[in-house]
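Engineer: FYI, the numbering for the sequence shown is 70 to 292, going by my numbering.
Since the hints were derived computationally from the structure, they do not count as laboratory data.
Each residue gets a CB set at the ideal place from its N, CA and C atoms; glycine is no exception.
Wrong hints could be hidden among the right ones.
[As the list claims (entries may be wrong)] Estimated spans, in silico, between C-beta atoms of each pair:
| hint | residue 1 | residue 2 | range |
| --- | --- | --- | --- |
| 1 | ARG256 | THR99 | 33 to 41 Å |
| 2 | ASP130 | ALA162 | 49 to 57 Å |
| 3 | GLN143 | ALA217 | 40 to 48 Å |
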Amino acid sequence: MGTIPGMEEAEATTQASTVEDWTRALAESTGSPGGGAGTGLMLAVAASLTSMVAGYSGGEDDGGKPSEIRTRAQALRREALQLADDDASASKAFGAAFRLEPGPERDEAVRRASLEAAASSAVLGERAIEAIDDLAWLATKGNRSLVADVVVAFGALRAAVAGARTNVSFDLGSLRSTGDSLDTVRRQQPDLWAAVQKLNGAMDRIDAVTARIDHRAAPTDSA
70 MGTIPGMEEA
80 EATTQASTVE
90 DWTRALAEST
100 GSPGGGAGTG
110 LMLAVAASLT
120 SMVAGYSGGE
130 DDGGKPSEIR
140 TRAQALRREA
150 LQLADDDASA
160 SKAFGAAFRL
170 EPGPERDEAV
180 RRASLEAAAS
190 SAVLGERAIE
200 AIDDLAWLAT
210 KGNRSLVADV
220 VVAFGALRAA
230 VAGARTNVSF
240 DLGSLRSTGD
250 SLDTVRRQQP
260 DLWAAVQKLN
270 GAMDRIDAVT
280 ARIDHRAAPT
290 DSA
């Protein structure tokens, strides 16, 4: 059914839409939701799988670790979905800033939108980094029958980390359109600049952990 004239179609959100509706909205050429929101969704997938594996893991001598991991993962799933929706809203402001006529007003709007978007992606990236330890614990001490699920979770987590890293970097790079050089951006935004390198390191760590367990998850591939 088409949209009734004079009424806007309801905005798709991760918490109020079906998977079908949200991914259909993601497929549209609107940018909201876009890659940043997709990054949040990937983090939610990683958190969900972490919670599932933790729920199937545990023994008498684990000190309650799986239960702690599951609690953290469930909280992260909810936060990741909220971050995805927040990014979708920020994307609108980002696009609106670049549509303004060239001039001081546009430069200020672009600068503000770029920094807000970069900061949002950095928060998402930090949450993803915090999730690595729990998933790495499950990779070695969790239920061995679910190692394939751990690898899938790591794939989703890596996508979240890579997405956050790229979005922070791109948003900082967008400041060049206001006349700033990358050297200026690095001096003025040291924390956000450092976040990019931290996220690069996190991807390397995920790759290393995954490589150590891949022979168990995909035995026919390593044979």
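Engineer: Against this structure, judge whether each hint is valid.
Structural biologist: Tested hints:
no., hint, in the structure
1, ARG256 x THR99: 33 to 41 Å, "holds, 35 Å"
2, ASP130 x ALA162: 49 to 57 Å, "holds, 51 Å"
3, GLN143 x ALA217: 40 to 48 Å, "violated, 21 Å"
Checked against the numbered hints given earlier, this structure breaks only hint 3.
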